[in-house]
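Colleague: Quick mapping for you: the protein sequence lines, in order, are chains A and B.
When you read off a place in the first sequence, starting at 1, and then add 1224, the result is the number in our numbering.
When you read off a place in the second sequence, starting at 1, and then add 1224, the result is the number in our numbering.
Careful: at least some of the hints might be erroneous.
Identical copies carry no separate label here, and so any pair may be met within one copy or between two of them.
Dumping the calculated EDC-like pairs for lysine to aspartate or glutamate here, alpha-carbon to alpha-carbon at most 16 Å [unchecked claim]:
hint	residue 1	residue 2
1	K1348	E1248
2	K1331	E1294
3	K1348	E1359
4	K1318	D1338
5	K1331	E1236
6	K1356	D1247
7	K1348	D1247
Read the hints as simulated data drawn from the structure, not as lab findings.
Number of protein chains: 2
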Amino acid sequence: MKTRQQLIAFIENQRLAYIGSVDEAGFPNIKAMYAPRMIKGDSLYFTTNLSALRTRQFAQEPRASVYFCERGRFRYAGLMLLGEMQVCTDDETKQAVWRDGDERYYKGGPTDPDYCVLCFTAQKARYYSNFKTIEFDLTALQDAPS
Amino acid sequence: MKTRQQLIAFIENQRLAYIGSVDEAGFPNIKAMYAPRMIKGDSLYFTTNLSALRTRQFAQEPRASVYFCERGRFRYAGLMLLGEMQVCTDDETKQAVWRDGDERYYKGGPTDPDYCVLCFTAQKARYYSNFKTIEFDLTALQDAPS
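Let's have the full structure, built from the sequences with the hints guiding it.
Modeller: Quick look at the structure:
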């Protein structure tokens, strides 16, 4: 995991993301979500319900983590990103992330008031593979040679 | 998910657990670990390194979550437990949780000073399956008929 390209390739290979939040009582919460719909710069975009518990938590407390893990036959790799989660309800973002078939979940289409986008912007990363851990911030990664 | 037996059966069926902690900067952290070695009452026991980042976090801030998820062909189910994580370094607990083969990770055997046990005691649970979420506390579950 040395370049931005490798980081993005790792994320794009995942089907699930584990999203971390902190609840009102100070407990860490975790929820599995589908892997991000869109990656743009250091931001990952997820779709969810505006009424969901996690959405309400992030509106109050944006500190978040997104974790991915890959368990191969011979190795295990985990990537934890730390950053902030923004709840986006603007039509432009909602439209950009919308995909055909989402009507199954949001009957009103891309402007359904209960459909929203969670935009996670990563600041730091921690990657674990083969008993080794490396930590880096995303700006360092950006400048790495490909 | 109506009885303690069902809850334990769900947990015992998992290979991985996702452990949530809160770091010094107030960010939720997530790490995949092997499923608990032992379940006793409302407590789940995990093995780890005393020197690990997460162990140090829990010693400072015990608020924790343990998340399990199961992705079947037709359904997805997730179980989040909220509670506190205790770092156990006493020989009795370390011996009780030790298994043959752990020497691969802890060369000094059950008394290896870098081998320790994380004991998570659940207070509340949140179970999601087929678009429905139920929340319960563990004492309520204890009294449910089997």
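Colleague: I'd like to know which numbered hints this structure contradicts. Please list them from smallest to largest.
Modeller: 2, 5 and 6
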